[in-house]
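What follows is the residue order along each chain.
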Amino acid sequence: MSQARLPPPPPPQWVVSLNSPMPRPSKAASSIPDPPGFSSSRGGKQRQQQQQQATTKRPEETDALKMKKAWEIAIAPSKQIPMNAIMMYMSGNSLQIFSIMMVLMLFKGPIQGLIGTNAAFAKYDTPSTHSRLLGVKVVYMLMQLVLLCLGIWKVNAMGLLPTTRSDWLAWESERQPLERAHFAFR
Amino acid sequence: MRLQAALFFAACLSPAAAIYPDEVNHIDFHHALLGTPSPDSTFFLKPSPASNASLLYTLSDKLLLGAVNPRDGGLVWRQNISRSVNSPAYGAGLLRGFDGNDAIVGAVGNYIASWSAQDGKVGWENRVSEGVVGDLELLELEDATATSGVRDTVAVVASEGAGIVRRLNGNTGKTVWEFKDTSGDVPFQVSSSSTEVFYISLQSAMLKGFKIKVTVLDPLTGQQTRQQILNTEADVATPESVLYVGANSASPIIVWTDKSQKSLKVNVIGTKEINSITIDNTSGSEIRQITVHAPRKLNALPHFLVHFETVTGAWAEVFHVDLMSAKVTKAYQLPYLPGQSAVAASVIDANVYFTRITDLEAVVVSSASHGILGRWDLQKPSSDIALHSVSEVVAKGKSVAVRSALFRKHGDWQLIRNGQIEWTRHEGLIDAVAATWAETDAQEDLAHELEVEGHETLYGAYLHRVKRHVRDLEHLPDWLKDLPKRILSSILTDEVSNLDSFGVARSVIVATKNGRVYALDTGKHGAVSWGVQAVETSQWNVKAILASPGVATIYPDDGSSVTVDVSTGKIVSRIEPSSSKLHSIAVFEVQDGSSLATVGVREDGTPVTAFANEDGFLVTTSVDGRVLGWFAKYNKTPVWEFVPPSGEKVVDATARPAHDPVASIGKVLGNRSVLYKYLNPNLALVTAVNEQTHTASFYLLDGVSGKVLHATTQAGVDSTQPIASVMSENWFAYSFWGDVDGSESSAKGYQLVISELYESPFPNDRGVLDSATNYSSTAALPLPHVISQAFMIPESISHMAVTQTRQGITTRQLLCTLPSSNSIVGIPRPVLDPRRPVDRDPTTAEAEEGLFRYAPYLDFDGKWYLSHTRDVAGIKAVLSRPTLLESTSLIFAYGSDIYGTRATPSQAFDILGKSFSKLQLVLTVVALGEGVAVLAPMVRRKQVNALWRA
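Sequence order for the protein chains is H and W. Numbered continuously in full-length UniProt numbering, the first sequence closes out at residue 186. Numbered continuously in full-length UniProt numbering, the second sequence closes out at residue 950.
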């Protein structure tokens, strides 16, 4: 995107050979195993192509596409809400290993999502989409909060929230009498 | 829903109180006591002709009839005759038995009955309408009508101005014949020979004294054949002057002495001749007691022994009776020995043996000659005086073996077999009047050291601690030496058996009516650790026993006190009695909590002294039925006085136990709201009865202000039946016999009422005082909200107590003593919840709380019986004590029997069960370790190989 003042010099030979596809290896060469830590570069080729495609698109189109993708991500948690709600409703309010695990998972997802809000939208975050992405993020966070509320509702239904008087009973103390009576009945 | 509730109930409660068979005799112990065996009614007897095994039978002064296994001292069976007797006992009871005869016959007062000697089942019983039974003999003679094995009984009935001799059928107890003597003589005894029945009566002489009259009866018809009157009025002043009337021997004899005890007079019954034998008293001191020991068998040789006792020693003389001439001749003499001695006669076939047990030795002689057949030194000579003994001799060729049941003055019944004490039954415990848990001083030194460390500077405390730990190192070799044994024993034995370090092994101090103090160890199945005679008395009315570390102080009602060392029984100190009779003893805990201060309370309810340095209040009761409140500092006038309404009389008062921890101050309901408990340590529950209107009132008083917080009156109460009450935490319970015939409901029978006190009827509400941290009873004391419920119970409750645990987390059990079924039952508190829904099934929230539908009839579940199959008789009081284990409460019951057990109302949740095997665990760990050690190199090799191959 930077403007070139001088015509670029011809690329060196290693650049040319790096950009051009590898020559098909000979039959004998293909039987040689790859050295340890080497992976075949097929993925790298695809990335190259995508980059080439992306760079070919216009910036407005890219932004629109990014926003569309971002909205999809922001709405995605809401799709889980009915499923989770049904699951939580069905799992019962008793304290069992499965229901506890399910509730933990229910809490883990939204909290991780909330923490990683910026990370989730990082690839769509460009200076041009930054301001527009704010609303998307708010919607995403709302959705996560709805999921979190579902978890809290479930925990409350399980009786794990200290919301009742009995939960604080252990911190209440017995009233002490100021006078003491001694009994001599026997 | 009901099924669900029932299942919930079953799941919650059913294992809670049950006692498993392997816990019997393991966690509990029982001293089944008989009381003092009476000398005439104690004997060895072979109950079955087929077997040679004999049992020891006795009829005690408490009118308990029992058979004791002479092997281990265990009780085979026991009958309480005092329940059957409805006339005052005429002296002690009478018990007669016969070898090979499976029926023993006993009589007390007007009651005469026969029991099977093997199992104690009643054969027949008979109540004499004319008077009381004076004497009893089994007829040994065989006649044509007698079926084998069953002997008829001859009984003398003393009625107004006449004596009746009756022969009772051995099978049915029906009268076979009757001989009535209307001469106005005092009926005395009955005796029999092989051919005749002798009725001995005392005829009043002209001036004073009695003549002995012998009436000879025909055993088959009861007709009088002849009569003889012995001129004994100079010697026999009272019926007690006649020493012995020989019962059932070939030559029955009557023995008495002259008034100066210079000569012994012997008459062979049926003859007129009186043999006079000079008593050769060489001891120099006055003869205190003369006893005659003769065989009680028809075919035994006509020999008898007279035992002379002086204050310092005793000797015995053996006499032979010549059957032809009825002459009595002295055969030989057992020498005078200083100290006490007890003699018993026993018979093998026709031979008569006499066993003499002195302080140091046991000697067996034959009646025929003075040669000593067997002599054994007593292993543990006792200083306790031997009162009487019965013996059983077994001849093995030339040598003999003997076992003697010896009763000692201080209540120990010992079986001495060839000089060895086989067992001891502590019959003196039957009179237990008070008991308490002893406090040991084992931790006292450490507590003192820690206190010193707390008061020093940081550096000084550190040095002190280092020094203490260095000092402790001297125990290290012992500890190391002990270690393998401890590890081994902890692996091999059950977990349940070695809980002694958790406070399960406790000493109990028991004081008895006859002035004795015993210590029983609950860790050793209630074995008596020591017994001392604290006071020489027969009416020791102990009011309180207070235990402080290392010592226990006993306070009787005469103002005196005795302090004993709990580990040795040594009397540490003594305070002489004061003049005034005490009604009760008040106990103050002095501020530092280590020592206790007491003050006596007179019968009118006044404390004897005032307490200058005590701020508390004192609540007392008086004999005339008032409850009084006092300042501890001022004992002249009471602060308040509670007098029940006219006609009512205070019969009982109870307060919360001294140790009554409350784990939670509220009750959590199903919807997780809280109903706050009304907790006040100053509460007292006063029971008052009105005998005219048959009502019983229960008043809940505040001990400081005397304010009546709650009062309830029950109608139709029988005040002669026991009314028991108890209080704990925020609830109280009482039981009585009631007959309510109301328009709404009617109930007749024993009732158990439980009431719970709450601060407010509404959940989440702490009442008027709300969140105040303290309160004063003298200011406006709020009234409790009381929820009550009554249950019909199958039998009466004579005493109530509550299980105590360390922190009060474990649910409590209401410990009820059931006198009619001789057992102790522990009713779980959840069952007695007054909030159980009436006439409807519980809602989900209520079911979640553990409430289930109310049922008016409360049957005692078999699992609740702490005493399970045991016959725990005559319990007067039950003590409970926390252990270091929260789940476990120690229980000790005393009165007549002694019973101790452990209760786990919420199951033993903090103890590893018997199914837990340490050995298995150790083996599993070892096996796993070995597996790892073997597999680790293999896996490592495999991993390295895999790396190379890849």
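Incorrect hints may appear among the rest.
Stated by the list, open to error - Pairwise CB distance ranges, derived in the manner of DEER restraints:
id : chain 1 : residue 1 : chain 2 : residue 2 : range
1  : H       : LEU169    : W       : ASP482    : 43 to 49 Å
2  : W       : ARG471    : H       : LEU95     : 22 to 28 Å
3  : H       : THR117    : W       : THR843    : 51 to 57 Å
4  : H       : GLN96     : W       : ALA711    : 48 to 54 Å
5  : H       : ALA170    : W       : ALA772    : 16 to 22 Å
6  : H       : PHE98     : W       : ASN671    : 21 to 27 Å
7  : H       : PHE98     : W       : LEU921    : 26 to 32 Å
8  : W       : GLY929    : H       : THR117    : 34 to 40 Å
9  : W       : LEU923    : H       : GLN96     : 29 to 35 Å
10 : H       : GLN96     : W       : GLY913    : 21 to 27 Å
11 : H       : GLN112    : W       : ARG471    : 56 to 62 Å
To be clear, the hints were calculated from the coordinates, so they are not data collected in a lab. All values reported here derive from a predicted model rather than from experimental measurement. Beta carbons: idealized from backbone N, C-alpha and C, even for Gly.
Comparing the hints with the structure gives:
1. H/LEU169 - W/ASP482: 43 to 49 Å: 46 Å, holds
2. W/ARG471 - H/LEU95: 22 to 28 Å: 51 Å, violated
3. H/THR117 - W/THR843: 51 to 57 Å: 46 Å, violated
4. H/GLN96 - W/ALA711: 48 to 54 Å: 50 Å, holds
5. H/ALA170 - W/ALA772: 16 to 22 Å: 19 Å, holds
6. H/PHE98 - W/ASN671: 21 to 27 Å: Hint holds: Cβ distance 26 Å, inside 21 to 27 Å.
7. H/PHE98 - W/LEU921: 26 to 32 Å: 30 Å, holds
8. W/GLY929 - H/THR117: 34 to 40 Å: 50 Å, violated
9. W/LEU923 - H/GLN96: 29 to 35 Å: 33 Å, holds
10. H/GLN96 - W/GLY913: 21 to 27 Å: 25 Å, holds
11. H/GLN112 - W/ARG471: 56 to 62 Å: Hint holds: Cβ distance 59 Å, inside 56 to 62 Å.
Against the hints set out earlier in the document, violations occur for numbers 2, 3 and 8.
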